[in-house]
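Protein chains: 2
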Amino acid sequence: MEELRIFAPATVANLSCGFDVLGACLDNVGDQMLLRKNDLNQIRITKITGQELPFETDKNVAGVAVKALLEKLGTNQGFDIEIHKKIKAGSGIGSSAASSAGAVFAVNKLMGQPFTLKELIPFAMEGERLASGNAHADNVAPALLGGFCLVKSYQPLEILKLPCPPELRVVVLHPLIEVKTKDSRALIKLNVSLQKAVSQWGNLGAFVSALYTEDYGLLGRSLKDEIIEPVRSILIPFFDDLKEIAIKNGALGFGISGSGPSVYAMCKGQKSAEKVKEAMQLFYQEKGIDFDLHLSKINTDGIKIL
Amino acid sequence: MEELRIFAPATVANLSCGFDVLGACLDNVGDQMLLRKNDLNQIRITKITGQELPFETDKNVAGVAVKALLEKLGTNQGFDIEIHKKIKAGSGIGSSAASSAGAVFAVNKLMGQPFTLKELIPFAMEGERLASGNAHADNVAPALLGGFCLVKSYQPLEILKLPCPPELRVVVLHPLIEVKTKDSRALIKLNVSLQKAVSQWGNLGAFVSALYTEDYGLLGRSLKDEIIEPVRSILIPFFDDLKEIAIKNGALGFGISGSGPSVYAMCKGQKSAEKVKEAMQLFYQEKGIDFDLHLSKINTDGIKIL
Chain A
1 MEELRIFAPA TVANLSCGFD VLGACLDNVG DQMLLRKNDL NQIRITKITG
51 QELPFETDKN VAGVAVKALL EKLGTNQGFD IEIHKKIKAG SGIGSSAASS
101 AGAVFAVNKL MGQPFTLKEL IPFAMEGERL ASGNAHADNV APALLGGFCL
151 VKSYQPLEIL KLPCPPELRV VVLHPLIEVK TKDSRALIKL NVSLQKAVSQ
201 WGNLGAFVSA LYTEDYGLLG RSLKDEIIEP VRSILIPFFD DLKEIAIKNG
251 ALGFGISGSG PSVYAMCKGQ KSAEKVKEAM QLFYQEKGID FDLHLSKINT
301 DGIKIL
Chain B
1001 MEELRIFAPA TVANLSCGFD VLGACLDNVG DQMLLRKNDL NQIRITKITG
1051 QELPFETDKN VAGVAVKALL EKLGTNQGFD IEIHKKIKAG SGIGSSAASS
1101 AGAVFAVNKL MGQPFTLKEL IPFAMEGERL ASGNAHADNV APALLGGFCL
1151 VKSYQPLEIL KLPCPPELRV VVLHPLIEVK TKDSRALIKL NVSLQKAVSQ
1201 WGNLGAFVSA LYTEDYGLLG RSLKDEIIEP VRSILIPFFD DLKEIAIKNG
1251 ALGFGISGSG PSVYAMCKGQ KSAEKVKEAM QLFYQEKGID FDLHLSKINT
1301 DGIKIL
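Note that the protein sequences, when read in sequence, are chains A and B.
Each residue of the first sequence is one higher than the one before, starting from 1 at the first, in the numbering used here.
Each residue of the second sequence is one higher than the one before, starting from 1001 at the first, in the numbering used here.
Hints are computed from structural coordinates only; laboratory data are not their basis.
You may find that some hints are simply not true.
[Said to hold, decoys possible] The calculated lysine to any residue pairs, modelled on SDA-like cross-linking and capped at a C-alpha distance of 20 angstroms, are: (1) B:K1189 <-> A:K275; (2) B:K1271 <-> B:D1039; (3) B:K1196 <-> A:G220; (4) A:K275 <-> A:I247; (5) A:K196 <-> B:K1059; (6) B:K1118 <-> A:L218; (7) B:K1161 <-> A:G220; (8) A:K196 <-> B:A1186.
[Stated by the list, open to error] Here are some chain A residues the structure puts well away from chain B; computed CB gaps all over 12 angstroms: (9) E3; (10) L40; (11) I48; (12) Y154; (13) K161; (14) G202; (15) K248; (16) G250; (17) K275.
Note that the Cβ used here is the ideal one computed from N, Cα and C, for glycine as well.
When you get a sec, could you build the whole thing from the sequences and use the hints?
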């Protein structure tokens, strides 16, 4: 196998109660990438469509992720990387993670699968480090493994894939304003009150339980965030109104996707999700703000070979 | 039914990764109580053995818990309460919770079960408020419901009963020094670093997952606490040595039970637990510190009628 074309999915990280530890993989939102072996002993970004991104290997998240992987393998094998972006940079649905994860997935396949999917996560995290200054795993893990992922710990890195209740749907609204992950992280305080932390870990525990028991009501009640959302939501136009509209129209829960500005509404069933989607769309159209809008299942497979 | 004799179990709260939200019910450690209707329209503590505790209804945790229940029912029915303590006050294995939970459980039975077990929790929490100034639920919930309980949220109060992997055993060592919950709480800082909080909720999520998947290894790796344990453990003689000994002898995890000074070792299987128990016993005997030592299954039933 000399080349591979893949779908690299968007992801929703944090999911309100799981800052830096939870993420979910989307099904019909993502990039395409084409990776091809070359005989030049070089990692080259040969084509980028859909976005303006750096072609220099060391400045491109896919480039650094692949480099980390190949260095670990101790090989000089070269690769050409084509990136066809559909996920906008700075959208908050794992644009950099899709590129990093997609690239290491494809290279691993083309090298005869020396690594398991879980073993690929640290390489993809190097892309995240480049993108945001922080090698977080809550986007790259669900992009690679699919479904819901929990970062049990960073040191040592341990990732769990959690079960996925089948009727879940996610509506993602991306207001077309850019929020850099770096800037959004800068808003967050380094200390939190113990009381709010207790509240957060109670909700996270309940969320994990709800995934196992397929208790959609509990799942919705667990999607709370008293720590990050109050700070980050100020960067998102009409966040509180959107939340109210989503919940009023039947969403189980609503919050910021990753570091924003995208927001997500978790819904039970396709019909309910469509209703929530329409209501959010109508509201933002009235406000005259440009946006992208997606409705997706949870993608339990992760990256797909095309 | 005019009277009821019950077993009111000891409980291990916090379980390292779940400060204020997690607790487990023990099987063979607990008090006995006898509750009997009287015709005096009064709640009386008529007998206490094993400990010196207040006989005034309003100063006794069982008294205030029963009072809260009967007030809610709007009845003048009187009760005589006998408390035969085996769990030492200030031990950190839910002594006050056993009395509060046991009392409301028995009164509810004798009144024809107007409340579900979950509905009894807030009444029992009034006993905790009296005992420690804080109406926490992580002891009374597992005492009433059995097994592992998660306090999903305090406002509104929502408690989940989690599954219990069958081979779990708990070794509890109680150094015979008294630590008041109030004093132990006073050590805790009101703010925690976000980084440590993230680490804590990653572990709690993994712990909940491990209960569902019966993954004993993961369960052990999740029993971590970087927030409370470093502060509270200074009150417990030779805490770090005990921990090292327990882990070296095969314990899955080790930490402080509740607010201490009791410590717990979570083990897989009876044999492993016996080995851990012996090693801890030997070490504390050498140090010349008095202690109580228990080895218990997780009690999935909670309070038992005798």
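Right, here's what the structure says about each hint:
Between the alpha carbons of K1189 of chain B and K275 of chain A the distance comes to roughly 45 angstroms, so the proposed pair goes past 20 angstroms and is violated. Pair hint K1271 of chain B plus D1039 of chain B does not hold up; C-alpha atoms about 51 angstroms apart against a cutoff of 20 angstroms. For the hint pairing K1196 of chain B with G220 of chain A, the CA-to-CA distance comes to about 25 angstroms; that exceeds 20 angstroms, so the pair is violated. Pair hint K275 of chain A plus I247 of chain A holds up; C-alpha atoms about 11 angstroms apart against a cutoff of 20 angstroms.
With a C-alpha separation of about 31 angstroms, the suggested pairing of K196 of chain A with K1059 of chain B is violated against the 20 angstroms cut-off. With a C-alpha separation of about 16 angstroms, the suggested pair K1118 of chain B and L218 of chain A falls inside the 20 angstroms cut-off, and the hint holds. At roughly 18 angstroms between alpha-carbon atoms, K1161 of chain B and G220 of chain A fall within 20 angstroms of each other, so this suggested pair holds. A threshold of 20 angstroms between alpha carbons decides the hint, and for K196 of chain A with A1186 of chain B the separation of about 18 angstroms falls inside it, so the pair holds.
The non-interface label for E3 of chain A is consistent with chain B: the shortest C-beta to C-beta separation is roughly 37 angstroms, beyond 12 angstroms. For L40 of chain A, the shortest C-beta to C-beta distance to chain B comes to about 41 angstroms, beyond the 12 angstroms cut-off, and the non-interface label holds. With a least beta-carbon separation of about 33 angstroms from chain B, I48 of chain A lies farther than 12 angstroms from that chain, consistent with its non-interface assignment. Separation of Y154 of chain A from chain B is inadequate, the least Cβ-Cβ distance of about 7 angstroms not exceeding the 12 angstroms criterion.
Non-interface call for K161 of chain A relative to chain B: violated, since the shortest CB-CB distance, roughly 10 angstroms, does not exceed 12 angstroms. Some Cβ of chain B comes within 12 angstroms of the Cβ of G202 of chain A; the nearest lies about 4 angstroms off, and the non-interface call is violated. Taking the minimum C-beta to C-beta distance to chain B, about 20 angstroms, the non-interface status of K248 of chain A holds against the 12 angstroms cut. With a least CB separation of 21 angstroms from chain B, G250 of chain A remains clear of the 12 angstroms interface cut-off, as annotated.
At roughly 26 angstroms from the closest C-beta of chain B, the C-beta of K275 of chain A stays outside 12 angstroms, upholding its exclusion from the interface.
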